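Start from the sequences and build out the full structure, keeping to the hints where you can.
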Amino acid sequence: MSQNPFIDSSAKHTQRYIKSNGAEGHEWNGFYCLLLSTRGRKTGKTLTIPLIYGKDENSFVVVASKGGHTDHPYWYKNLVNEPKVEIQVGPTKHDAVARTSKGKERQRLWTLMTDIFPRYEEYRQMTSREIPVVVIQPSS
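Just so we're aligned: the sequence shown equals residues 107 to 246 in this note's numbering.
These are computed hints drawn from the structure, not numbers from a lab. Note that the structure is a prediction, hence the values are computed from the model and not measured. Check before you lean on any hint, since a few could be wrong.
The calculated lysine-lysine pairs, modelled on PhoX-like cross-linking and capped at a C-alpha distance of 25 Å, are [said to hold, decoys possible]:
#1 K118 to K199
#2 K118 to K151
#3 K190 to K161
#4 K190 to K125
#5 K172 to K151
#6 K125 to K151
#7 K161 to K210
#8 K183 to K172
#9 K151 to K210
Label-pair ranges, simulated between beta-carbon atoms [as the list claims (entries may be wrong)]:
#10 K148 to G209: 29 to 37 Å
#11 A129 to S245: 18 to 26 Å
#12 K208 to G174: 16 to 24 Å
#13 G209 to A117: 33 to 41 Å
Cβ coordinates follow ideal geometry from the N, Cα and C atoms, glycine included.
Rendered as C-alpha cells:
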C-alpha cells in the first residue's frame with residue numbers, strides 16, 4: 107500500500123473493475139466510471155486508472171482535475187504524449203484516440219461534466235491551471 111489513500115482507493119477500484127469485467131466498478135458512488143489505459147511516457151508501461159465519464163455523442167469525456175492539484179495528472183501527460191489509448195466501459199473494451207477539447211467545445215463539455223460531478227468546479231477554484239477536458243473517441 108502507498109502513503110496516499112487516494113492512490114490505494116484508485117488501485118482497488120481498478121482491480122475490482124478488471125476482475126469483475128466491469129460488473130463492479132462501472133458504477134461508483136452514484137457515478138459512472140471507465141478505465142483509461144495510457145502508455146507511460148517515461149516507463150513505456152501501460153497504466154490504468156478509473157475516471158468518472160460523460161458521453162458526448164459517440165465519444166467519452168473525462169476531466170484531468172487531479173483533485174485541484176497544481177499539476178496535471180500523469181495519465182493526462184501520458185495521453186498528450188501518446189493519444190492512442192484503451193478504455194473499458196463496463197464490460198466493453200475499445201481502442202481509442204484521446205484529445206484535449208478547446209474553446210467553446212471545452213466550455214460545453216466542462217458544463218456537461220460539472221453537471222455530472224459538481225466537485226470539478228471546486229477543484230477548478232483550487233488551482234490556477236486550466237483543468238483539461240478530454241474527449242476519447244473509440245476507434246473500434
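Hints and how they fare:
no. : hint                     : verdict
1   : K118 to K199             : holds (19 Å)
2   : K118 to K151             : holds (19 Å)
3   : K190 to K161             : holds (19 Å)
4   : K190 to K125             : holds (24 Å)
5   : K172 to K151             : holds (21 Å)
6   : K125 to K151             : holds (20 Å)
7   : K161 to K210             : holds (17 Å)
8   : K183 to K172             : holds (12 Å)
9   : K151 to K210             : violated (34 Å)
10  : K148 to G209: 29 to 37 Å : holds (31 Å)
11  : A129 to S245: 18 to 26 Å : holds (25 Å)
12  : K208 to G174: 16 to 24 Å : holds (21 Å)
13  : G209 to A117: 33 to 41 Å : holds (35 Å)
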